[in-house]
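Protein chains in written order, with our numbering: chain A, 1053 to 1159; chain B, 64 to 176.
Hint data in this document are derived by calculation from the structure and do not stem from the laboratory. Please read all numbers here as calculations on a predicted model, not as lab measurements. It cannot be assumed that every hint is accurate.
To list a few chain A residues with every Cβ distance to chain B over 10 Å, as calculated [claimed, not checked]:
(1) Q1066
(2) G1093
(3) K1106
Calculated lysine to any residue pairs in the SDA-like style (CA-CA distance at most 20 Å, straight line) [unchecked claim]:
(4) A/K1151 x A/R1110
(5) A/K1151 x A/A1083
(6) A/K1151 x B/L123
(7) A/K1151 x A/A1135
(8) B/K77 x B/G148
(9) A/K1106 x A/S1123
(10) B/K77 x B/T101
(11) A/K1107 x A/A1135
(12) A/K1105 x B/F108
(13) B/K74 x A/S1076
(14) A/K1107 x A/H1121
(15) A/K1151 x B/L102
(16) B/K74 x A/G1094
(17) A/K1151 x A/S1076
(18) A/K1106 x B/A151
(19) A/K1151 x B/K74
(20) A/K1105 x B/T162
(21) A/K1151 x B/K77
Don't be surprised by glycine CBs; every beta carbon is placed ideally from N, CA and C.
Each chain, written out:
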Amino acid sequence: KNEVEQSPQNLTAQEGEFITINCSYSVGISALHWLQQHPGGGIVSLFMLSSGKKKHGRLIATINIQEKHSSLHITASHPRDSAVYICAGQGNTPLVFGKGTRLSVIA
Amino acid sequence: DTGVSQNPRHKITKRGQNVTFRCDPISEHNRLYWYRQTLGQGPEFLTYFQNEAQLEKSRLLSDRFSAERPKGSFSTLEIQRTEQGDSAMYLCASSLTWTDTQYFGPGTRLTVL
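Kindly generate the complete structure, drawing on both the sequences and the hints.
Printed below as a string of structure tokens:
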């Protein structure tokens, strides 16, 4: 069992829909990262959070340390949001990554 | 552009050949990380440096793999006697400290024929 699990693996949404991607982890972490990966490989860091909630534009990330669960929300989704979204846990060891959620937003 | 560059972007090689990749991190970043990503999977940690010191290596890093960061700036990852199973995207990232955001390079896609 992977130490960081994401769901769903694949997600197709209509433009404008509210999207939620979930991440559960079994390792002890000090921070949880959300990353975005576009076709071609480039990875961009979206959020790093250790508690509560962070918001950047249409993106919101939340984390519940007690439940070892984090969510990434996208409001008013747009086709340019289509990408792979990866969560990764950071503790005393290097990042442990989930397998990613492939999001396709259709116009 | 995150400020982290990797070269080459693509490498095709025949099985048994040696290959070397280079990563240039953001200049003031002390930490430099190497990851490997295969199709449909998330990245996996390979090794990391604090300045020129290699602090940790994954079990994924067999004896055929070696990484260096000789002056605490750029880093190289060499794979000797490549195997088809080495085909993957090799990603480099850098950060200022352990707890800071990591900035990823565009990756080097290796194909071993």
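What hint numbers does the structure not satisfy?
Hints 2, 4, 12, 13, 18, 19, 21 are the ones this structure does not satisfy, whereas the remaining hints hold.
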